[in-house]
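Undergrad: Chains as they are written, first to last, in our numbering: chain A, 2 to 462; chain B, 9 to 103.
Be aware that a few hints might be false.
Calculated pairs, DMTMM-like style, for lysine to aspartate or glutamate (alpha carbon to alpha carbon, straight line, at most 25 Å) [unchecked claim]: (1) A:Lys251 <-> B:Glu76; (2) B:Lys98 <-> A:Asp86; (3) A:Lys366 <-> B:Asp65; (4) B:Lys98 <-> A:Asp13; (5) A:Lys24 <-> A:Asp13; (6) A:Lys267 <-> A:Glu462; (7) A:Lys366 <-> B:Glu51; (8) A:Lys289 <-> B:Glu58; (9) B:Lys37 <-> A:Asp358; (10) B:Lys101 <-> A:Asp326; (11) A:Lys206 <-> A:Glu380; (12) A:Lys224 <-> B:Glu51; (13) A:Lys206 <-> A:Asp326.
Computed spacing ranges between beta-carbons, pair by pair [stated by the list, open to error]: (14) B:Tyr61 <-> A:Lys267: 49 to 55 Å; (15) A:Leu370 <-> B:Asn81: 26 to 32 Å; (16) B:Asn81 <-> A:Lys267: 29 to 35 Å; (17) B:Met66 <-> A:Thr136: 55 to 61 Å.
Think of the hints as simulated: they come from the structure by calculation, not from any bench. All residues carry an ideal CB built from backbone N, CA and C; glycine is no exception.
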Amino acid sequence: MKIADKNTKAVDLVRDALEKAKKYEDYHAFISMNEARALERAKEIDAKIAKGEKVGRLAGVPFALKDNYLSPEGNTTAAAKMLEDFPAPITATAVAKIEAEGAIMIGRTNLDAYAHGGSTENSYFGPTSNAYDKTRVAGGSSGGSAVAVALDIVPFALGSDTGGSIRQPASFNGVIGVKPTFGAVSRYGVVAMASSTDTMGCFAKTAEDANLVMSIMAGQDAKDSTTLKDYWTKELADAKPSKKKIGLIKDFLGEGVDPEVSKAIKDYANKLKKAGYTIEEIEMPIMKYALAIYYIVVPAEISSNLSRYDGIRYGHRSSEIKSLDDVYSKSRDEGFMPENKRRIMIGNFVLSSGFFDAYYLKAQKARTLLINAYNEAFEKYDALLCPTAPRPAFKIGENTSDPLQMYLEDVMTVPTSLAGIPGINIPVGKSKAGLPIGAQLVGPRQSDQILLNIAASVEGE
Amino acid sequence: MSITREDVLHLAELSNISLSEAQIEPLIKDLDNIVNYFSQLDELNTENVEPTYQCFDMQNVWREDNIEEFEANREDLLALTVESEDNQIKVPKVL
């Protein structure tokens, strides 16, 4: 990516990004723009460079921010009516770190409200179009960020991934998407969804760019006690896999998977083979249960996290209120999208007395079996390879009447999230219709940089 | 398991969401489909398996109990509420 220096002005980089954002306005990648403040910041950086002062590693680089990261520039809406008028009083740690290195936020990107969804159609502000076909979905929930990078509006964008919300839209739009190890990046100042699987990551065009952004975002933060000690410290070239062995997950290449997708993944596996990796097929029968586990565990956590929206301290308050109860229940009815309500209600169902053991406890036990299967696989392999999604981007409106069908689109990304391990999407080809196809590389905890190293080793071939 | 109208009303109450009549019917069907999908987990033998509530073995992350300045001030936070008076947030009468 281009970084501002004596010959490249930050103002030009930012202006160029803002112009492109305008040109591609009809894709609806952004909820709000940050034009005036972005240009101001760019001028500050140019002035520093002119004076010979030290500037950060991302000096003058424009970026797009998923609209669930809090920062005082613009309202943080989470694409929900509930937060439509919410000016964040704090700055997310990840944003503060990126901005401290000189990167400039040009706008806030669209998402499924509260990041609940896999298509960005659940946004209160309407869907985002796919960068390759306007009639198709951007994927989600970080659809706007993926499209902003795919359309070359910005060289990188921030997203969040709870069950695939970075990897799947990256796959649908043909860009790199990084979902880090759980705890790699502070979640302080990001609208909470599911506390045991929420992770903060990024979209970029190359593995090297993604590594640079992630190395800045990552690190221990006193404001998020689940953050891990700093480990994202290597040069990408030094993060080599030790075994040079990759397992190809057979369960995700057969039934229910678009043959064009399977072929693209097998072709990518061959490319890795030529680059010196050993590729072996592996069967992981537990994988097919991951989706059911996910849609029990995650809604349970959602129901708890979203109980904070009470219409009192901040967020939407209904104007139709007669009692305190109305403040809660009417504000929540009006402020949430239908998918938010479904997930809150499923969460309360699986946690309620009489059903807790049969659903929630059962799912958390099954989650242990899933993690055990991964651990066993990683004794043999550096990484596992599978598609990111069973098929390329689907049509806008195709799944909206059937929530379960929409959930099934997440089948290949949720297992990684439940295990807290890193996964990245790598663009590996296109379908006959010209739609991007993505491969997913998944590795053990804290192997994030190794996955990016593997991706970089065959990039552009 | 099949989700009934009563279940949906009960869950709406637990969730503190005031549902209009038009939202109830589709929720019965959608929640029923989703909950039935969960039943496949019955095929898994989870006897003697410990549940996983979080993926890392972190426990009790301690810190010094120091007073630190919060980045937002009282005015900024109160400005987020619909109604406030004398540094208090106002809600409709409870009793």
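Undergrad: For each hint, tell me whether it holds in the structure or not.
TA: Hints, one by one, checked against the model:
For the proposed pair Lys251 (chain A) and Glu76 (chain B), the alpha carbon gap of about 52 Å is over 25 Å, so the pair is violated. Restraint check for Lys98 (chain B) and Asp86 (chain A): satisfied, since their Cα atoms lie roughly 19 Å apart, inside the 25 Å limit. The suggested pairing of Lys366 (chain A) with Asp65 (chain B) holds, with an alpha-carbon distance near 16 Å, which does not exceed 25 Å. For the proposed pair Lys98 (chain B) and Asp13 (chain A), the alpha carbon gap of about 48 Å is over 25 Å, so the pair is violated.
At roughly 16 Å between alpha-carbon atoms, Lys24 (chain A) and Asp13 (chain A) fall within 25 Å of each other, so this suggested pair holds. Of the pairs offered as hints, the one joining Lys267 (chain A) and Glu462 (chain A) holds, with about 15 Å between alpha carbons and a cut-off of 25 Å not exceeded. For the suggested pair Lys366 (chain A) and Glu51 (chain B), the alpha carbons sit about 13 Å apart, so the restraint of at most 25 Å is met. Between Lys289 (chain A) and Glu58 (chain B), the direct Cα distance comes to roughly 20 Å. Compliance with the 25 Å bound is thereby established for this hinted pair.
Between the alpha carbons of Lys37 (chain B) and Asp358 (chain A) the distance comes to roughly 23 Å, so the proposed pair stays at or under 25 Å and holds. Between Lys101 (chain B) and Asp326 (chain A), the direct Cα distance comes to roughly 10 Å. Compliance with the 25 Å bound is thereby established for this hinted pair. Taking the CA atoms of Lys206 (chain A) and Glu380 (chain A), the gap is near 31 Å; set against the 25 Å cutoff, the hint is violated. For the hint linking Lys224 (chain A) to Glu51 (chain B), the alpha-carbon distance of about 41 Å lies beyond 25 Å, and the restraint is violated.
Taking the CA atoms of Lys206 (chain A) and Asp326 (chain A), the gap is near 49 Å; set against the 25 Å cutoff, the hint is violated. With their beta carbons about 37 Å apart, Tyr61 (chain B) and Lys267 (chain A) fall outside the hinted range of 49 to 55 Å. The given range of 26 to 32 Å is broken by Leu370 (chain A) and Asn81 (chain B), whose C-beta atoms sit roughly 49 Å from each other. The given range of 29 to 35 Å is broken by Asn81 (chain B) and Lys267 (chain A), whose C-beta atoms sit roughly 58 Å from each other.
Checked against the given bound of 55 to 61 Å, the beta carbons of Met66 (chain B) and Thr136 (chain A), roughly 45 Å apart, lie outside it.
Checked against the numbered hints above, the structure breaks hints 1, 4, 11, 12, 13, 14, 15, 16 and 17 and satisfies the rest.
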